[in-house]
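Engineer: Here is what each chain is made of, one letter per residue.
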Amino acid sequence: MVKILAERKKQVFRQGQDKFDLACGKHSVAGSVSQRACVFCGARVVLYPIADALHLVHGPIGCAAYTWDIRGALSSGPQLHRMSFSTDLREMEVVYGGEKKLYRDLRSLIAEYKPRAAFVYSTCIVGLIGDDVDAVCRRVSRETNIPVLPVSAPGFQGTKKDGYRAACEALFKLVGTASVKDVSRFSVNILGDFNIAGEIWTIKKYYEEMGVQVVATMTGDGRVGDIRRAHGAALNVVQCSGSMSHLAELMKNKFKQPFIRVSYFGFEDMAAALYQVADFFGNSLIQEKTVALVKREIELVNPIVQVYRRALTGKTAAIYVGGAFKAFSLVRALRLIGMETAIVGTQTGGVEDYQKLKELCSEGTIIVDDSNPVELSAFLKEKKVDLLIGGVKERPLAYKMGIGFCDHNHERKIPLSGFSGMLNFTREVYATVLSPVWKISKEIEV
Amino acid sequence: MEKTIIDRPATRNSCVLCAPLGASIVFQGIEGCLPLLHGSQGCATYIRRYLISHFREPVDIASSNFSEESAIFGGKENLKKALSNLITQYQPRLIGVASTCLSETIGDDVRAILKEYRKENQGSPLPEMVNVSTPSYHGSHWDGFWKTVLAVVTQLSSQEEPVRQRLNVFPGLVSTADLRHLREIFTDFGISFSILPDYADSLDSDAWDNYHSLHEGGTPLSEIRAMGRAEFSLDLGQALTAEDSASGYLAKNSGVTRLSCGWPVGINESDAFFRLLSRISSQPVPEKYRQERSRLLDAYYDGHKYMFGKRAVVYGSPEMVAAIVSMLKEIGVIPVFCSTADTDFAGIEERVIELRPDFLIGSSKGYQISRKTGIPLLRAGFPIHDRFGGQRELLLGYRGTQRFFDHLVNVVIAGVQDSSPGGYAYV
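For the protein sequence lines, the chains are R and U, in the order given.
In terms of the numbering used here, the first sequence opens at residue 43 and continues consecutively.
In terms of the numbering used here, the second sequence opens at residue 258 and continues consecutively.
These aren't lab readings, by the way, just hints derived from the structure by calculation.
Predicted model, so just to flag it, every value in this text is computed and none were measured.
Each residue gets a CB set at the ideal place from its N, CA and C atoms; glycine is no exception.
Mixed in with the good hints, there may be bad ones.
Taking lysine to aspartate or glutamate and the DMTMM-like style, the derived pairs with C-alpha atoms no more than 20 Å apart in a straight line are [said to hold, decoys possible]:
{"hint": "1", "chain 1": "R", "residue 1": "Lys481", "chain 2": "U", "residue 2": "Asp463"}
{"hint": "2", "chain 1": "R", "residue 1": "Lys484", "chain 2": "U", "residue 2": "Asp463"}
{"hint": "3", "chain 1": "R", "residue 1": "Lys246", "chain 2": "R", "residue 2": "Asp224"}
{"hint": "4", "chain 1": "R", "residue 1": "Lys203", "chain 2": "U", "residue 2": "Glu326"}
{"hint": "5", "chain 1": "U", "residue 1": "Lys629", "chain 2": "R", "residue 2": "Glu154"}
Listed next, the stretches of chain U that the computed footprint assigns to chain R, with coverage defined by at least 3 CB atoms under 8 Å from CB atoms of chain R [stated by the list, open to error]:
{"hint": "6", "stretch": "290-298"}
{"hint": "7", "stretch": "301-312"}
{"hint": "8", "stretch": "354-362"}
{"hint": "9", "stretch": "391-404"}
Looking at chain U on its own, in the form it has when it is part of the complex (with noise of 0.2 Å):
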């Protein structure tokens, strides 16, 4: 015990956030839903920033604002009133509660607050209200991202509920470009489906007469509450086991059929996602994205050389670094080293600078390690705070993967043509 505690150094220019930052952007995700955080004004303040600095859209997320007396009393009285306040303030369809070091740390029973709270307002409406337990001190924003996808489904799926889709799709801390590329690749499949959570509208809208203090889109409650009665969920990513996966809670309790496959990029990890959808819908491959697989292809082929043998680093969530290897692979790049929250940025700085690979991969954080060895950065994942349009870089599907692949292929051409002498005009 006491040995873990010294071998661990102080974590210098972290990979991850804390917990709650991924419970907000599920809470995005969901019609009608505003995030509540328990804990100090503090959490919410600085998560929105983070949020509204890489999305570049209002991010409304509340705080029941600890106080002196709530962090030595409880605070529940403080969860009470704020729950009141966001109800005249917001009117809301559903609150999502996630809890923060203080309130875990004080012992705060949110779960039991919350039953309080609906009894003492019997009779008045109430929206839905679900929480997650999200300590700062316990894993990263991506657990933080799951655990809360997992609590709403626990939540609010309920066997009682009328069929709606066949097809929950759990895709992860993915664009709102890609959220909006499953949604027509489903479509064109003739699939129903919900993909929880969906912030492609909440996160990436369009603009506004008038305020909405409520962001438009997400997944409708209605089909969170059908989820139990889909055949099928499907899990992109395969990091989480049974237990943590929302799909594995309805498979079990329910009897829904769970599926797993990596986040769709590159040939081969795209090619299994739509034969899963071809299977699930017994619908051929549509011709459009036969033709967009050929495109990207034939791609592969013109762009060959200046890829093979090149040396990559890359770093992002674990969905996300799996999903890259393995086009890497395909186009005969060699990833050097790779993180998905292990190891922190100083870390990663010295293993770029002992290794000196080609190209990083990864978010606009690795931006420094990259200005410092004068090697580039292709930005993906999240957060992208330095460019414009980071939430909505496509990178899922062969499109995505086409995309990406330009922009990989172009960071080598733009290495060769400035350090060419003269710069050739031609590359």
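Next comes chain R alone, as it looks inside the complex (with noise of 0.2 Å):
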């Protein structure tokens, strides 16, 4: 049996068997190696794909070289996220502050790459070392015109959560910067999507085939100029909600801009974020377009994923990923492939995220917040599962012990969201759970 930390019994929960008492949103035990990140990496996961934005990392050079072209997040037009730009301070930075060098590189970054936005991100020893970011960033703002938007995110302070926090603290500074013409009545932003491997275009698409408008995407393929206006639409729909749902509280309580939350994964739930957005606006047009729409993509893949399903029957899964939204469509999708769950585990999911949870899946599982490598390996054994599903830290994890894996995070290259997403996902489940390897003898019989 797994040794569990005693300081993490409590993160803990086998359904069925246990009184449900999870505690969770709890700072990572010291000693453990958590999957978890920091509120540097949280903040700059949500804010890496504005394209058109200089995204600057003040701070020793370590967070911006590890956050060097981290995710397939695509743009249809800049790339200049993709750059990583550090004030890479020293020991006399440290001892004489940084200020001045964070003025100098902001000023002939933004003459060099010509941004639309800067965001200025303080890392673990900005504040110790006593540097005014907020005044830098408002004197180069009145200097070049463009908004310079500091984003306070020194690791410690909190988790990822407050990063994410941060994030969306500094794209609501821009909101409402810019005119709403031409912003139909029709019209929501996207929030929670961050466009790994195009999956934004087949959502808009959607959207747009049903007759309405997107403003803004956030942040996948995102633009400044989209999130100025963003105000304009009327609705915002948030996806990854643990990410994205503070600005929408944001601009809902500024604005008057109501949300609501969906995910774009899986039959059911992508049926379903469609049809509330078309429901909302109660436009009967609108109504029998996503009707359509929505009969013809299913018809499209569902006997395709239907063949898959049959060699994927009474296979079971285990689920890491970092918020829960996401971990409640793939145990449904899942279950669509004919396969239950056997484990699952966010990174930041709430009490009441890790509750519907407990109720969605089957007697028997593994509900576990913020686990490390000790405990999900043993779980994996434990419960015999013939699937991972987590990211990039989790992936060497299923294949030490000789599982199959599959990406559900930032280095997807494959698009999962939407009905074709499906069929992607369904593929990618069967060509990892089926392949031959598995079977190969560990040992040489003689």
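Mind assembling these two chains? They're in different frames, but the hints should get you there.
Structural biologist: Right, dumping it as structure tokens:
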């Protein structure tokens, strides 16, 4: 049986066996090998896809180097977000402060790359050495006439979720700063999709076919100009709610924009998302178009999905992802292809999320918050799953143990959103679960 | 003083990572060792992700996981709690504590904290603990790597140990295949040796039945302890001064003879390396390596026309760049621009556009430059994030050079073939 650190016992729950009392939202235990990152990481992943902004990491080199071109967040135009800029602080600045360097770097980078806005992420030591980043940003903004937005993201000041929050607050400063002329009353903003493998293009096409205008995509394939007029949209549609709900709340309070939470993954959730949007507008033409779209798309891919389902029925899966919303969709989508979920965990889920997972999952399922490799691998072994769904840090765990793996994180190259995405997902699961390599004996038989 | 700050522009697509990454690799290459970064959670997670993408192996790196209170009042309690939790969950034989920019800036004295921890836990069995100072604002991941090798040897080796090996080897950040090849060579010369670090097994391991919470392989602690009793230390790479190197420390404190040569890449550098081994082992160079040398020379003859006069841009660690440049000179290739750390990738791109070399040699991080300019990239060194098997590409020795040379010639041949009208079938 796996050794679970005493301080973590309440972060593991077995469906049907334990009283539900799952603790979450806690700081990771010192000395555990958490799969989580930090405040900076949360802020950086959310803002990263804004393609015509300058993203300058103010701090020593590491944080910028590790996040250079880190996500497969595609842009249909500018590629500035894929550059890694750092003030690269050294001893000199640690002693004398980094404000001068920040100012100079901002001025020269803005002059060279001509971004529409700049985000300045301050990492761990910036506050400690006493830099007034806000003041430098204000000054540069005044001098260059573009928004220069400080994002306070010292790694230790909370968890990844606090980083999401800092990102949302930076975005919120942009919203409402441009004209909303030409914005239709049937319009939405897409929040919480990062255009991994071009997914936002699929979703945008659906909305446009329904007759709904997409004003701003936040932040996948994002543009500063669109974000500035995002307050003109009639509705905010929020995916990956962990990262972007805060912005939706802020916009609701200030601009009276309502929001809904959706997921674009799996037939059920994808269809539900489109219907919810259509129902919001209550326009019969939009509703008819939506019904036709969903029908057409499902008829197109479902017969193929069913073929794979036959081969996958009875297989089991483990899920370990960042946010809980993704986990819900995955449990449902797996069920659609005949697979049950034996283990499900997230890095940042809240109590309500875990309550919902508990309702969604069947008897014996292990539900876990902020896990680590030792625990996860023991669960994988115990439950003898055929598949692990996670990110790049979980991949070697699965492969070491001889278990199939499907990337549902930033590095995936295959779009999994939308109806066509469900087919891609099914094919990927099939390709990994049914591979003959797992059957090869680990030792030569003599 | 003021001037240096102003003259250094923003870094655009850095060529270096931070020092704790180098420390983490070294700790991964020691028997039963678990790296622990004293800082924010993100440092450990980013470094794990970066290493996993290169090695395609689980890489466990723990974090003391600073909170706001630790940043204000010091990270002492967090570090102690981290040590206790690691000992409970992993039972490591060694915990390697590397500091970060955060813990250095607030001034945590890790050595003193470890001392206090040992004292408080007297009586219970404790693993060895070493610490190294690796703030991200000072030096590169290569510096972090060498600093950690030095810290490990300084803190673990002892004059009281029985003699174990004749030769200590400090190869630097080479590939797992290079480490295995080095072992083979020393074994063939009949020299007892110890390589530090040795992550050939830990970061390129076999299939498992059960998850191993501690990596397998790694330099045995008994060998590290006995390093002061060896006859020779050998540094691969000549960028380190005596003060900065473990070999220098062992020479000064234990009288171990310090030897160094470049990475054995190309015939000249490999000859120097094999001659050195022949000298200290009093054995002739084994026939196997003479044949490999001869085969390599024959390949140089066969491929010389493809290579002569070609122009290369090379970037990477100082050891690797020096070795590859020496090899390129043997085959008539002109290195028109080399970079080890000072120029970032945006700067390298500018030079590539200006110089129009025939190929680039270095890590996968030059891919965008290659794509933009249409100039082919031959991947070498660390990291290789966009090809399979980059962690086990052999570069060292006649054998590694052979493999590298074959690839290099093929890069040129592919260019000729692809741009020829109709596409030649024989090139």
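Engineer: Taking the hints in turn, state whether each one holds.
Structural biologist: Here is how each hint holds up against the structure:
{"no.": "1", "hint": "Lys481/R with Asp463/U", "result": "16 Å, holds"}
{"no.": "2", "hint": "Lys484/R with Asp463/U", "result": "9 Å, holds"}
{"no.": "3", "hint": "Lys246/R with Asp224/R", "result": "18 Å, holds"}
{"no.": "4", "hint": "Lys203/R with Glu326/U", "result": "18 Å, holds"}
{"no.": "5", "hint": "Lys629/U with Glu154/R", "result": "19 Å, holds"}
{"no.": "6", "hint": "290-298", "result": "holds (count 4)"}
{"no.": "7", "hint": "301-312", "result": "holds (count 9)"}
{"no.": "8", "hint": "354-362", "result": "holds (count 4)"}
{"no.": "9", "hint": "391-404", "result": "holds (count 4)"}
The structure shown violates none of the earlier numbered hints.
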